[in-house]
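Protein chains in written order, with the UniProt record's numbering: chain A, 1 to 243; chain B, 1 to 243.
A couple of the hints might just be wrong.
Identical copies go unnamed one by one, so any copy, or any two together, can satisfy a pair.
Calculated pairs, SDA-like style, for lysine to any residue (alpha carbon to alpha carbon, straight line, at most 20 Å) [to be verified]:
(1) 34 with 174
(2) 34 with 46
(3) 34 with 232
Think of the hints as simulated: they come from the structure by calculation, not from any bench.
Protein chains: 2
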Amino acid sequence: MTNPTAAMLVIGDEILTGRTRDANMHFLAGELTKHGIRLAEVRIVPDVQDRIVAALNALRADHDTVFTSGGIGPTHDDITADAVAAAFGTGIDVRDDARAIMQAYCDSMGRDLNEARLRMARIPDGATLIENPVSAAPGFTLGNVHVMAGVPSIFQAMVAGVLPTLTGGDPLLSQNLTVMRAEGDIANELRRLAERFPDLSIGSYPFVREGAYGANIVIRGTDGARIDAAMTALSALFPEAAA
Amino acid sequence: MTNPTAAMLVIGDEILTGRTRDANMHFLAGELTKHGIRLAEVRIVPDVQDRIVAALNALRADHDTVFTSGGIGPTHDDITADAVAAAFGTGIDVRDDARAIMQAYCDSMGRDLNEARLRMARIPDGATLIENPVSAAPGFTLGNVHVMAGVPSIFQAMVAGVLPTLTGGDPLLSQNLTVMRAEGDIANELRRLAERFPDLSIGSYPFVREGAYGANIVIRGTDGARIDAAMTALSALFPEAAA
Numbered sequence: 001m002t003n004p005t006a007a008m009l010v011i012g013d014e015i016l017t018g019r020t021r022d023a024n025m026h027f028l029a030g031e032l033t034k035h036g037i038r039l040a041e042v043r044i045v046p047d048v049q050d051r052i053v054a055a056l057n058a059l060r061a062d063h064d065t066v067f068t069s070g071g072i073g074p075t076h077d078d079i080t081a082d083a084v085a086a087a088f089g090t091g092i093d094v095r096d097d098a099r100a101i102m103q104a105y106c107d108s109m110g111r112d113l114n115e116a117r118l119r120m121a122r123i124p125d126g127a128t129l130i131e132n133p134v135s136a137a138p139g140f141t142l143g144n145v146h147v148m149a150g151v152p153s154i155f156q157a158m159v160a161g162v163l164p165t166l167t168g169g170d171p172l173l174s175q176n177l178t179v180m181r182a183e184g185d186i187a188n189e190l191r192r193l194a195e196r197f198p199d200l201s202i203g204s205y206p207f208v209r210e211g212a213y214g215a216n217i218v219i220r221g222t223d224g225a226r227i228d229a230a231m232t233a234l235s236a237l238f239p240e241a242a243a
Numbered sequence: 001m002t003n004p005t006a007a008m009l010v011i012g013d014e015i016l017t018g019r020t021r022d023a024n025m026h027f028l029a030g031e032l033t034k035h036g037i038r039l040a041e042v043r044i045v046p047d048v049q050d051r052i053v054a055a056l057n058a059l060r061a062d063h064d065t066v067f068t069s070g071g072i073g074p075t076h077d078d079i080t081a082d083a084v085a086a087a088f089g090t091g092i093d094v095r096d097d098a099r100a101i102m103q104a105y106c107d108s109m110g111r112d113l114n115e116a117r118l119r120m121a122r123i124p125d126g127a128t129l130i131e132n133p134v135s136a137a138p139g140f141t142l143g144n145v146h147v148m149a150g151v152p153s154i155f156q157a158m159v160a161g162v163l164p165t166l167t168g169g170d171p172l173l174s175q176n177l178t179v180m181r182a183e184g185d186i187a188n189e190l191r192r193l194a195e196r197f198p199d200l201s202i203g204s205y206p207f208v209r210e211g212a213y214g215a216n217i218v219i220r221g222t223d224g225a226r227i228d229a230a231m232t233a234l235s236a237l238f239p240e241a242a243a
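One chain only, chain A, in its complex shape (with noise of 0.2 Å):
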């Protein structure tokens, strides 16, 4: 497949604590699909500086384009605009225009524009901002690195806006057919459809339900035509199955 490629950078504690769960990744994957860019790689790493530019010079390097959330917050334990600055070797700083977007946010809402909510102003040199239209403190974007939040509503209104700025692919497509049989059973016929559509993934994802096995398979690609046909074959030798 030739589409464009992502990844994507979690940082936080809470998610390799086990204490939270992470949304944005599930959240953003199926976004990308859909827009035709193709999620390729996932890091989530703590709130480290070392370990946040380790991570995002070798995923910005690697791919078209990353997405990073969490970590741009008032709090001491924020430190991803930081370290974002430091993986490009750039300055940061209060800017003007992020200063005027957090006090027009707080003469809003009736709050102090204190040193901790500043500190949510402090933007890279050279970046762009992305519009939080839940919470007002901004995102950027530095590079082929898009910054977002990691409080679940505010990473999506940033993706919402940030996505429609990216190129695209071909959607990618699929299609899935639920086989409740054993994989073993099945794992021949699955190889030789694969091999008869090589331009085409097609994966199998086993599950075990109430003690019975069974595996969904799903088709995948650009091309609606091929799925459809690959899906006729595939229906063909599991006749039993249920779309």
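For this one, chain A is given, so just place chain B on it according to the hints.
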């Protein structure tokens, strides 16, 4: 914190396309934390051998232990065992002990130990087997890498088998206080608290709930008395909050 560190490598297109929401990472994170092992990094890569090999070699060099999830079934897209062998530069073939396990299971289920199922008895040279009490096909341990199934019920059973064999550290303890105030209003107090307790990790995780702003403040460490002391100080700062 000097606890041993672990990394996790999730292998599977189904996570990256957004079709499936990963459950194993969240489970493993919680189990490791209880066992005093710090999950320090997670990577998610597609079913592509080069990508698996590169990620695995990076993670096993950087961390005491690595857990992988996914890609050890009987179908053509299950390439994890071969990728692990390639990462270690060792051979891989059907092994007698693994074949005997598969044969006994197939006999008991009235199934044929066909070519596809025999693939699940392919074990890299020098590995030890990890028991699969759900569907027999074993995982394996090679060096500091534990290779486990992606089906959550099997993954969880394998983790239960492997964890007691690992050297843990002092359990990682945590306490939580939910403060219904915007992070920007409490950030300065939290920073000072973090400076008073440099041996603890003090994290702030904001949320928006029905239009109201709040944050969960999580204090983590291995010394329960120190965490108690920090919680007492935290509660005094925000007497209206609920633990």
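* **Structure-inconsistent hints, enumerated in ascending order** => Checked against the structure, the only hint that fails is number 3, while the rest are satisfied.
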